[in-house]
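**Student:** Single-letter residue listing:
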Amino acid sequence: MRSFPLLLVLASAYAQNGATHDDWPHYGGTQLSWRYSALDQINTSNVQKLVPVWAFQTGDYEMGLQATPIVSDGVVYLSTSHNQVYALDAATGRPIWQYKYPMPTTPVVYGPQNRGVAIGDGKVFEGTYDNYLVAIDQKTGREVWKVNVDDARQCGCNITGAPLVVKDKVIVGGTGGDSAHRGYLTAFYMKTGRLAWRFYTIPGPGEKGNETWKGDSWKFGGGATWMTGSFDPALNLVYWGVGNAAADLYAGDREGANLYANSVVALDADSGKMRWYYQEVPKDVWDFDSSYECVLLDREVRGRMRKLLIHVNKGGFTFLLDRVTGEFLGAYPIVENYNWISGITEDGKLAGRKEPVEGKAVNICPSAIGGKSWNQIAYSPRTGWIYTPSIEVCNDLIANHQEAQEGRSFIGGNWVMGAPPGREPYSHLDAYDAVTGKRQWTFPYKYILLASILATAGDLLFTGDPEGFFFALDARTGAKLWSFQTGSGHRGSAVTYSINGRQYVATPTGWGSLVGRGLAGLWPEAETFRGGSTLMVFALPEGAR
Amino acid sequence: MNRLALFLLASLAWPQDLLTRGAAVFAKSCATGYCHGLKGAAAGAPRLAARGFDEAHISNVTSNGVPGTAMQAFASILPERDLTAVVAYVASLNGITPRAGRTPAADPPKPSLPPEAARGRALFFDSTRGLARCSTCHQVDGFGIPVAGPMAKIPGGVPELRELRTPHVRMATLDGESFPALIVTPGSRRTTFYDLTTPPPVLRTVDSSDLKIGEAAAWSHAIVLGSYREEELAAILTFLRAVVRP
Numbered sequence: 001m002r003s004f005p006l007l008l009v010l011a012s013a014y015a016q017n018g019a020t021h022d023d024w025p026h027y028g029g030t031q032l033s034w035r036y037s038a039l040d041q042i043n044t045s046n047v048q049k050l051v052p053v054w055a056f057q058t059g060d061y062e063m064g065l066q067a068t069p070i071v072s073d074g075v076v077y078l079s080t081s082h083n084q085v086y087a088l089d090a091a092t093g094r095p096i097w098q099y100k101y102p103m104p105t106t107p108v109v110y111g112p113q114n115r116g117v118a119i120g121d122g123k124v125f126e127g128t129y130d131n132y133l134v135a136i137d138q139k140t141g142r143e144v145w146k147v148n149v150d151d152a153r154q155c156g157c158n159i160t161g162a163p164l165v166v167k168d169k170v171i172v173g174g175t176g177g178d179s180a181h182r183g184y185l186t187a188f189y190m191k192t193g194r195l196a197w198r199f200y201t202i203p204g205p206g207e208k209g210n211e212t213w214k215g216d217s218w219k220f221g222g223g224a225t226w227m228t229g230s231f232d233p234a235l236n237l238v239y240w241g242v243g244n245a246a247a248d249l250y251a252g253d254r255e256g257a258n259l260y261a262n263s264v265v266a267l268d269a270d271s272g273k274m275r276w277y278y279q280e281v282p283k284d285v286w287d288f289d290s291s292y293e294c295v296l297l298d299r300e301v302r303g304r305m306r307k308l309l310i311h312v313n314k315g316g317f318t319f320l321l322d323r324v325t326g327e328f329l330g331a332y333p334i335v336e337n338y339n340w341i342s343g344i345t346e347d348g349k350l351a352g353r354k355e356p357v358e359g360k361a362v363n364i365c366p367s368a369i370g371g372k373s374w375n376q377i378a379y380s381p382r383t384g385w386i387y388t389p390s391i392e393v394c395n396d397l398i399a400n401h402q403e404a405q406e407g408r409s410f411i412g413g414n415w416v417m418g419a420p421p422g423r424e425p426y427s428h429l430d431a432y433d434a435v436t437g438k439r440q441w442t443f444p445y446k447y448i449l450l451a452s453i454l455a456t457a458g459d460l461l462f463t464g465d466p467e468g469f470f471f472a473l474d475a476r477t478g479a480k481l482w483s484f485q486t487g488s489g490h491r492g493s494a495v496t497y498s499i500n501g502r503q504y505v506a507t508p509t510g511w512g513s514l515v516g517r518g519l520a521g522l523w524p525e526a527e528t529f530r531g532g533s534t535l536m537v538f539a540l541p542e543g544a545r
Numbered sequence: 546m547n548r549l550a551l552f553l554l555a556s557l558a559w560p561q562d563l564l565t566r567g568a569a570v571f572a573k574s575c576a577t578g579y580c581h582g583l584k585g586a587a588a589g590a591p592r593l594a595a596r597g598f599d600e601a602h603i604s605n606v607t608s609n610g611v612p613g614t615a616m617q618a619f620a621s622i623l624p625e626r627d628l629t630a631v632v633a634y635v636a637s638l639n640g641i642t643p644r645a646g647r648t649p650a651a652d653p654p655k656p657s658l659p660p661e662a663a664r665g666r667a668l669f670f671d672s673t674r675g676l677a678r679c680s681t682c683h684q685v686d687g688f689g690i691p692v693a694g695p696m697a698k699i700p701g702g703v704p705e706l707r708e709l710r711t712p713h714v715r716m717a718t719l720d721g722e723s724f725p726a727l728i729v730t731p732g733s734r735r736t737t738f739y740d741l742t743t744p745p746p747v748l749r750t751v752d753s754s755d756l757k758i759g760e761a762a763a764w765s766h767a768i769v770l771g772s773y774r775e776e777e778l779a780a781i782l783t784f785l786r787a788v789v790r791p
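Line order of the protein sequences matches chains A and B.
Numbered according to my numbering, the first sequence spans residues 1 to 545.
Numbered according to my numbering, the second sequence spans residues 546 to 791.
To be clear, the hints were calculated from the coordinates, so they are not data collected in a lab.
All figures in this text were calculated on a predicted structure; none of them were measured in a lab.
All C-beta atoms, glycine included, are put in the ideal place defined by N, C-alpha and C.
Among the hints, a few may not be true.
[Stated by the list, open to error] Quick list of simulated restraints, FRET-style, between CB atoms:
1) G204/A - T718/B: 18 to 24 Å
2) I96/A - G732/B: 21 to 27 Å
3) G418/A - S657/B: 40 to 46 Å
4) P691/B - R423/A: 53 to 59 Å
Between the sequences and the hints, there should be enough to build the whole structure, so can you do that?
**Tutor:** Shown next as C-alpha cells:
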C-alpha cells in the first residue's frame, strides 16, 4: 500500500522539485513553497537527541518574531517586526551585520509585523511597516536602494509579508484588506529598484472584471496581497493569493462577484499580465481571504498527471487547481466545524451559503481569523501529504453598512470570537493526502497553532505552540517525538539548513501578532503568554550524528 | 441643564447619553476587526476593561495614539464630541467616575477648502491614478512622499507647471546608462540620489567613484503629468495656493 503513492511521488519529484537542500533560499523554502527540506541527518531515529546550539535575541519584542529566516551560504538573514535585519553566522549565531531601519514615530497601520526577507542579485529585500521596499547589500548590510510603494498614511496599507524574488525582479504585496483600499502587487528590478510592473487585484473602469463591482466600490474593495506568492519557472507564472473583498462583512454596496478578491491569480512573471484566475469565494462576506500560500506540485489526479496548485482558503477548505489553466480539480475541508457553506460542488460552486445579516449576530464557523491563519502548511513528497495547522473557532458576525473612507478601517461590522458548538475552541495539525483530501492522522492541541509547519526528508515535522514548546512529530504517524521549551510562544516559521555536513533546525520564537494577542478573548490565561523575539537553533550533538 | 444639576449628576456617574454615545463610538471604531473587542474585552489589541487605567492615560492614548503600534491618534479621526464620549466609556470600563463639572465639548468648526481647491486636493492624492499622481513625489498637508523638498513657489498657471524644472535634477551616468537623478547626499565615498527614470523615484546609494554626475537634466514636470487633464492641473494649482505657505 505504501509503495504505490511513493512511486507516483518519485515520478513527480523529477518533474518539479520543491525541496530545499543546504540553504533555505526563499520564504516557502523554494519558489514552489513546499516548506520541505531534503536534509535527513536529523530523523525519526535520532530527533530525541536534538540540543540547542545557539540563540539570537533581537530585542525587538513588539508583535513577536513572525519571520521565516532565509539561509544562504552559511548566513541567516532575519527580520524583526520593526524591520531590523540581521545577518548571522548560521553555525554560531555571531552577528555579521545589522541593518537599522528607523523606528516609527507615529502609529503603524496593522501594527509593526514582518514575516521575512528575500535574497537575490547580492541583495536582501525587505518590505517595511511604512510601506517602503528596501534593498540591502548582502555582504555589508548597507542600504542599496529604497522605494516607496504607497503612502501608508493615505492607503491604510503597508508591507508585512516577505517579498518574492523572480528572475531579475522582486515582487511585493501589501496589507490593507480591512481598510478602504484597492490591492495590488508591485514588481521592481532587483538591480535598480525601478518599477517593472504593477497588477491591481481589482480591475479599473474599462477593464474586464470591473463590472463585478457595483458603482465605485472597486476603488476601495480590498483584495490585499499580504502574504507571499510562488513561482513556476517552467511556466513563467507567478501565483499569488488575493485577500478578502471590503467592506469585509457587508456587501450591499459591492453587489457582484467582486473579482479578483478571494482569488488565486496567475501572472506572467515578465509583464505582470494576468493569465488566469480562480475565485474561491465570490462576493465574500466572511473575511475569507485567499491570501495564503500557493503550493506547487505535480501529481496524478483521476488518472492524469497534473501540474497542481494546492491552496488553503481562510474559510477552511483546500482547493486543488490545475496551475497551467486555473481549472478547478477539487476541494476538501481542513476544519471540523464549518457552516458558512454546506460544501463545495464538483464544479467548485459554494453550496448553502450562510451569510451575515445587517444589525444581527449570526454564528459562523470558522471565524474571521480563519480555519487556518497565515502560518503555512508543508508538503512532503515522501508521503505525498500536506500538513495543515487548522483552527476550530467560530464567531458571531454582525454586518453593518459602512461608508468607505480611504485608508480607514473598513470592516462593515464586527466579529466576536467564540467556541464551536458544544465544546471549547481548539486546533489540530493534520496530514491529508494532497490530492484526495483523505485525512491520514490528526494531532489535537488545546489552544491554536499559529506557527508554520516544516517538513523534512527525515520524516519529521517541526512546529511550535503558543505556550513556548517547539516540537517534532513523526510525519507518517503524527506521534510527538521531541519537544523543547523555548521560553516564548511561536508565531513564525522554522527552517532547516546544513553547514559542513551538520544539519541545523532554526525556529523564531516570540509570541505576538494580532491573532496571537486575540487568544486572550478565548482563553483568559492567554493574557499571561509572554512575548519575546529570539531565533533558537538546534542540531544533533557533535559525535552523535 | 444648569451648572449645579450637571455637577450633581456628574458626581454620581457619567451622563447616560455620554456613555451611550461612547459605547456606540467604541463599537464602531475600537471594538472592530483585530482591535479591542466588544466592551474592551480584548481581541488582537490589548484588553481595555478593568485594567486600572486612569482617565488622563485613557485620554492621552486615545487622542495621540501609541507610536510604533497600530493604535491610531483618534484626535485626528473622531469629532471631539465622539472622542470625549469614547474616553468616558473606556473610563467607565475601568470603574472610573467622572470629575465634576465636565461637559462634552461641541464639535469645533472644520476648516474647509473652497470647492475647486478641494477638487484639486482629491486629484493631487488620487489613488486611482496609481503612481502617476502628484503625491508620489510631493508631501503637502501631511500626506504624500517627500521626494521633492517643500514647494518654494506655486507656478502661476498650467503651462508654467509643465515647464517647471528642478535645478537639482542632473543627468547621472552609472553602469554605462544615463538617467535623470535628484542628488540627495553627495559624498566623496558614497552618493545618495533619487533615480527619476520612472515613477516612483528610487532612493539609491552608490560608490561615488561609480557615478558620474553631469549637466542639468532636460527633465521637466511635463514628463510626469500625463495622467492629468489641463483643467485638473488648474484645480491642483488652486489647491496648492490654498494650503502651501512658501
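**Student:** State for each hint whether it applies.
**Tutor:** Here is how each hint holds up against the structure:
The supplied range of 18 to 24 Å is broken by G204/A and T718/B, whose beta-carbon atoms lie about 37 Å from each other. Roughly 24 Å separates the CB atoms of I96/A and G732/B, a value that falls within the hinted 21 to 27 Å. Under the hint 40 to 46 Å, the C-beta atoms of G418/A and S657/B, about 44 Å apart, fit the expected range. Checking the proposed 53 to 59 Å range against P691/B and R423/A shows it holds: the Cβ atoms sit about 54 Å from each other.
Figure legend: structure checked against the earlier numbered hints; the only hint not met is number 1.
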